[in-house]
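S.K.: Chain by chain, the residues run as shown.
There are 2 protein chains.
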Amino acid sequence: MSLLVMKFGGTSVANIDRIRNAALRVGEEVARGHDVIVIVSAMAGKTNELAGMVEEISPLHDAREYDAVVSSGETVTAGLMALILQEMDIPARSWQGWQVPLLTSSAHSAARISEIPTENINAKFSEGMKVAVVAGFQGLSPEGRITTIGRGGSDTTAVAFAAAFNAERCDIHTDVDGIYTTDPRICEKARKLDKIAFEEMLELASLGAKVLQTRSVELAMRYNVRLRVLSSFETAGKTAGTLVCAEEEIMESSIVNGIAHSRDEAKLTLVSVADRPGIAATIFGALSDAGVTVDMIVQNISEEGRTDLTFSCPTSELARARNALDGIRADGRLNFHDLITDTDVAKISAVGIGMRSQSGVAAQMFRTLSNEGINIKVISTSEIKISVLIEKKYMELAVQALHDSFELDSAG
Amino acid sequence: MSLLVMKFGGTSVANIDRIRNAALRVGEEVARGHDVIVIVSAMAGKTNELAGMVEEISPLHDAREYDAVVSSGETVTAGLMALILQEMDIPARSWQGWQVPLLTSSAHSAARISEIPTENINAKFSEGMKVAVVAGFQGLSPEGRITTIGRGGSDTTAVAFAAAFNAERCDIHTDVDGIYTTDPRICEKARKLDKIAFEEMLELASLGAKVLQTRSVELAMRYNVRLRVLSSFETAGKTAGTLVCAEEEIMESSIVNGIAHSRDEAKLTLVSVADRPGIAATIFGALSDAGVTVDMIVQNISEEGRTDLTFSCPTSELARARNALDGIRADGRLNFHDLITDTDVAKISAVGIGMRSQSGVAAQMFRTLSNEGINIKVISTSEIKISVLIEKKYMELAVQALHDSFELDSAG
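Protein sequences appear in the order of chains A and B. Residue 1 is where the first sequence starts when you use this note's numbering, and the numbers rise one by one after that. Residue 1 is where the second sequence starts when you use this note's numbering, and the numbers rise one by one after that.
Mixed in with the good hints there might be a few duds.
No copy labels: a pair is met if it fits in one copy or bridges any two.
[Stated by the list, open to error] List time: in silico DMTMM-like cross-link candidates among lysine to aspartate or glutamate, alpha-carbon distance up to 20 Å: (1) K377 x D344; (2) K195 x D183; (3) K393 x D326; (4) K210 x D175; (5) K124 x E87; (6) K124 x E383; (7) K46 x D175; (8) K210 x D342; (9) K393 x D264; (10) K124 x E143; (11) K195 x E252; (12) K377 x E199; (13) K195 x D177.
Calculated from the structure, these hints are not laboratory results. Being a predicted model, the structure only gives us computed values, none of them experimental.
Please model the entire structure based on the sequences and the hints provided.
M.R.: Laid out in structure tokens, this is it:
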């Protein structure tokens with residue numbers, strides 16, 4: 001008997017009709033002979049409503065009580081889903097995190113999953129249960145308190161169950177029908193990918209293609225859990241979504257598989273910093289302490305012992321970054337002539353596993369942008385990704401031009 | 001260190017401001033040196049909202065899933081209350097039913113409390129916790145599933161905790177400021193009682209004075225838990241509410257302590273039933289099987305082997321009662337000439353422990369009603385109660401006249 005994990009996000013269970021629709025998808029897989037573990041989120045809006053009440057009481061709340069309160073949203077959806085499945089004559093029951101139990105660390109509101117014993121649920125499968133509906137996002141701490149594993153944690157819950165139960169596949173039902181070569185709202189030629197490698201998905205997820213939680217993709221890669229992203233709103237059978245899997249499952253990797261973009265970037269340049277050992281550690285240590293997520297870092301050549309240092313971070317963290325840098329300048333740990341900031345930038349990235357074995361990708365990217373008259377402000381590369389910062393107004397044009405240049409509208 | 005149990009119902013925790021107000025009451029008791037176990041209901045309307053979703057999915061739902069869903073309302077209030085207490089610098093934490101654990105039978109949605117081990121909560125009290133906030137209404141079945149103990153079960157939860165922890169008192173905070181000699185909306189001379197005996201409260205509760213769950217009073221009487229009913233909306237200290245306690249605590253019992261009334265009564269008369277052994281068992285067995293709650297039963301004298309039999313039940317159960325009686329008539333188990341029903345009746349009851357040692361109470365009651373020109377349709381008496389059915393339009397008049405006649409407006 002093969003087992004599937006199916007996860008439904010908040011918009012897919014936003015009301016009873018949508019839960020019914022999701023249950024029909026589960027029923028199809030049961031009819032195909034699968035046992036199914038369903039992971040559900042809270043009904044759309046519920047978690048925010050509950051978190052809002054806690055925030056109203058206390059911005060500096062006890063995270064253990066926060067977790068007990070906000071996790072109740074998933075509890076409700078799990079019970080309702082089990083009831084709907086039972087109405088469809090499918091033997092089903094709900095499981096709260098502590099009943100499984102999904103064991104976690106004590107880091108409330110951001111707990112790490114430590115173990116998912118399979119005995120309790122498997123015992124029910126062998127008694128004839130076909131579907132275990134599990135409340136996502138919830139766990140149990142070593143102290144016996146309810147934990148939650150962070151916002152968006154239901155994706156991670158689903159992958160963890162797929163790994164623990166050695167599931168054939170983990171289907172993530174969401175409000176998009178798969179992973180695209182780029183954002184269809186920007187580029188009408190965007191094409192849905194049939195398959196994408198974990199590594200590519202990780203680069204795309206962290207670049208702002210907000211379909212899957214980065215953490216869930218990391219976990220899937222570590223345990224080689226085949227993830228399928230698909231829409232819960234499409235007519236049954238119409239779409240197979242996109243399979244996120246190991247590189248080996250993809251016959252012929254494209255050189256570039258996706259063009260990602262992000263508007264939420266700020267560029268900071270420290271002008272004329274003393275270029276001596278330890279100075280980068282001072283700067284980025286202070287930024288890290290201030291909770292600034294630094295993305296790209298570029299250091300120009302040094303002249304007369306001084307250099308310019310440029311980095312990027314999310315726009316929302318710009319003020320914090322500036323404070324941190326002014327702080328270490330004020331206490332004498334850092335000396336620089338000027339701090340220039342620029343929020344009129346966008347980040348464009350080309351991602352593809354094929355880059356590893358193919359040269360000339362960067363050159364093609366720069367040539368394409370140059371042909372459109374787009375100036376490149378910062379460049380950063382990794383093994384399977386090339387990112388550039390450009391002027392914000394050229395973002396759409398850049399995405400479309402690169403999508404054409406790398407022929408992403410045609411499969412293979 | 002003495003321990004109090006304080007229970008707050010749905011209207012007393014309907015929003016964050018009201019939970020704050022309730023928390024202030026808890027804080028006052030902590031300041032007096034008490035450890036406190038707080039039992040909370042779901043925020044007003046929540047349980048109905050959750051139950052409504054379950055009903056929408058399936059009228060014949062799995063009670064285990066129903067319990068998992070509806071109990072989440074209490075979980076949320078418990079967490080919010082704990083957070084507010086912490087904001088007031090009072091060491092507090094929330095407990096869900098399964099965490100205590102409050103052990104129950106497997107009769108989901110109407111579970112009986114079997115045991116409340118005190119170890120877990122007492123361990124936290126000895127570590128310095130001052131308030132344990134417990135989600136009412138919830139329990140844990142022997143199978144490890146969430147149970148609920150029936151609507152209004154938070155009163156019962158509170159009394160059970162008071163019994164298990166040997167609490168000094170159990171304060172039930174509600175939207176009225178105590179137990180009255182009669183309904184103040186009907187009789188402006190109604191007076192709040194300082195004390196009332198368990199037995200009297202039981203008669204009043206089951207007669208429609210809906211302040212306390214009958215079951216919680218029964219439990220309080222069995223374990224001699226001193227119950228105090230008081231309003232959570234009054235200014236602190238303004239009212240001491242009403243103490244429900246053992247008869248021995250009440251120095252001088254009044255002959256009559258309260259006049260109760262109920263509009264929700266239907267009178268049924270079976271005309272000319274064969275008066276032979278076993279016939280009453282047939283009739284009331286069939287009514288019981290049909291889920292009809294029979295209240296008063298009166299049988300007239302027999303003539304020529306036939307008799308008239310009158311009983312009352314809640315109006316909402318009249319149709320079911322009629323069906324049940326027609327059923328046993330159709331299958332030949334019962335023979336009667338006619339079934340006369342009457343929903344134009346109200347029940348008036350005088351309750352008082354002093355009746356036990358005092359004769360003439362019934363005579364005084366009948367004389368009072370007669371003086372007002374009110375005809376009595378059915379009479380039923382118990383050791384501490386006399387009930388009559390009268391025409392509905394005379395209900396207010398009867399309550400006022402009896403309240404005057406037994407001088408309930410003056411204490412003692």
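S.K.: Evaluate each hint against the coordinates.
M.R.: The hints, checked one at a time:
no.: 1; hint: K377 x D344; in the structure: within (11 Å within a copy, 87 Å between copies)
no.: 2; hint: K195 x D183; in the structure: within (17 Å within a copy, 72 Å between copies)
no.: 3; hint: K393 x D326; in the structure: neither (30 Å within a copy, 82 Å between copies)
no.: 4; hint: K210 x D175; in the structure: within (11 Å within a copy, 48 Å between copies)
no.: 5; hint: K124 x E87; in the structure: within (19 Å within a copy, 43 Å between copies)
no.: 6; hint: K124 x E383; in the structure: neither (46 Å within a copy, 53 Å between copies)
no.: 7; hint: K46 x D175; in the structure: within (17 Å within a copy, 28 Å between copies)
no.: 8; hint: K210 x D342; in the structure: neither (24 Å within a copy, 67 Å between copies)
no.: 9; hint: K393 x D264; in the structure: within (13 Å within a copy, 72 Å between copies)
no.: 10; hint: K124 x E143; in the structure: between (26 Å within a copy, 12 Å between copies)
no.: 11; hint: K195 x E252; in the structure: within (11 Å within a copy, 85 Å between copies)
no.: 12; hint: K377 x E199; in the structure: neither (26 Å within a copy, 84 Å between copies)
no.: 13; hint: K195 x D177; in the structure: within (13 Å within a copy, 67 Å between copies)
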